[in-house]
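Chains as they are written, first to last, in the working numbering: chain V, 1 to 115; chain Z, 1001 to 1433.
Quick caveat, the hints were computed from the structure, so don't treat them as lab data.
Values in this document were obtained by computation on a predicted structure and should not be read as measured data.
Cβ coordinates follow ideal geometry from the N, Cα and C atoms, glycine included.
Zero decoy hints are in this set.
Residues from chain V that keep clear of chain Z, each with C-beta distances beyond 12 Å, as calculated:
1) Thr22
2) Lys43
3) His49
4) Thr53
5) Arg58
6) Pro70
One side of the interface only, derived from the structure: several residues of chain Z facing chain V at Cβ under 7 Å:
7) Ala1141
8) Ala1188
9) Gly1189
10) Val1190
11) Pro1191
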Amino acid sequence: MQYLLMIHNDEKTILGASPQETGARLAAYGAYIKAMSDAGVNKGAQRLHPVSTATTVRVKNGKTQVLNGPYAEIKEQLGGYLLIDAPDLESAISWASLCPGAKDGAIEVRPIWEM
Amino acid sequence: MTQPKTQQRASRRPPVAYPSTRVDADASAVAARVARESYGKLVAYLAATSRDVPGAEDALADAFASALAVWPSQGVPLNPEGWLAKAARRRLIDAARRRRTADRASEALELIDAELKEAADGDAAIPDRRLALMFACAHPAIEESVRAPLMLQTILGLDAAAIASAFLVSPATMGQRLSRAKAKIRLAGVPFKIPEREDLPERLGVALEAIYAAFSHGWSEAFSDDPRGRNLAEEAIWLGRVVVSLIANEPEAMGLLALMLYAHSRRAARRDAQGRYVPLSEQAIERWDRAAIEEAEGLLRAAGALGAPGRFQLEAAVQSAHAARRLTGTTDWEAIAVLYDALFALTASPVVAVNRAAAIAQARGAAAGLELLDEVGANSALAGFEPYWVARADLLAKLGEVVAARSAYGLAIGLQTDPAARAFLIERLAALV
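Generate coordinates for the entire structure from the input sequences, incorporating the hints supplied.
Given below as structure tokens:
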């Protein structure tokens, strides 16, 4: 089965971190993603720019509305995602628990709707 | 129009598909027995790979219906369980064809095929995956309040209406919660497997909690007017037996089964001949079920020998101390107080703290108990907890503080929902001078 692991973190903590802290976080992510790739689990992992770069689009009555900012203003924002291939939820959960972002944020695990 | 009488319990699922034709009593008795013993085994078996619980339940309901149609005329097969598994499998294939589902369903069917070749006609039993199903039901990814209902439905085949009445929600709400949980199991891929060694104690704990929740619901509903709630205690004991039989040497699983058996042994003594509430200390010991007590004692001893005490073993030990009155004629409150000390150190539960205070009051005097109750009451939200007010009222009454006792009984009476227990409290209140 495929799962999307959505990494939610407080951007203030991440952007306000010292260079050492940022270096350590990036190294941890590097090792984490390499482990996933080595295990054949990683189907695509990406980091997102902060919500200050977000644009939200809706179409109302045929008119496109474009708004500056994220869909929802919340403390812990989606900062990146991993698409993984895992045999079951148990395995997806254990990969999520290894994610560096799980220590100071939350990883939402969602099964992919297979068509 | 009269419905055909069945020997099966009204709350079990297979009879829903009961045929309208006359049914041979022997065949239906066998079907009833297989339903009780094999229902969960068959659901677990059919859904283990596909994780499609509703699909397995539907297929199994059809299989039971054809059994009741076919067995009376053709005789009960040598291996009824294997027969039902085969019949249900055919339904699964039909359903998969209709939906033209993808690989997972057919993979699951292939596996079932291979296993059934060995099991169907001979004596070989189908693999027992009930424990794995239980762990799926009690998975942390499943909403906590639905774990016990889910086990009762999938392992025991109780229908949503029966479970709903026991858990005091509407059948529609319960039905919705159950189907949402089953959908999550399938779509999110909650596995049917026994957790890894390091996760096992915690995950088993969750499963045991769910079973105990089911038991407690049955216990408190034992005298309600709705007969469907009554059997839940027995069903929970059945689940406890399943766990103990499938997972060897787990002291807490044995402790839970012992705890439930001790409580259940007193079911006949909880009310007198006029249906009035009888507190534990005044129960007639000849109305206790000795066989259940002996079984519980054996389980608790075996669990204790494994050297890993836990919450359920300690609670069972408290019950064992109460049950010892059948031999000694008295209750060793000091021993019970010590057990509650250990239980409180382990759980820090305010409910345990109230019981502990009551035991200490018995062992060392009402004043000592009341002092502890004051402490507990100050530190936790017990204002809506009936046993807290009963314990307070009893101790205040003993200490001659009539006014305070009266108000505590008043609160307890307001919180008590069981009419017999409420009548008992009203009597106590009236007896205050």
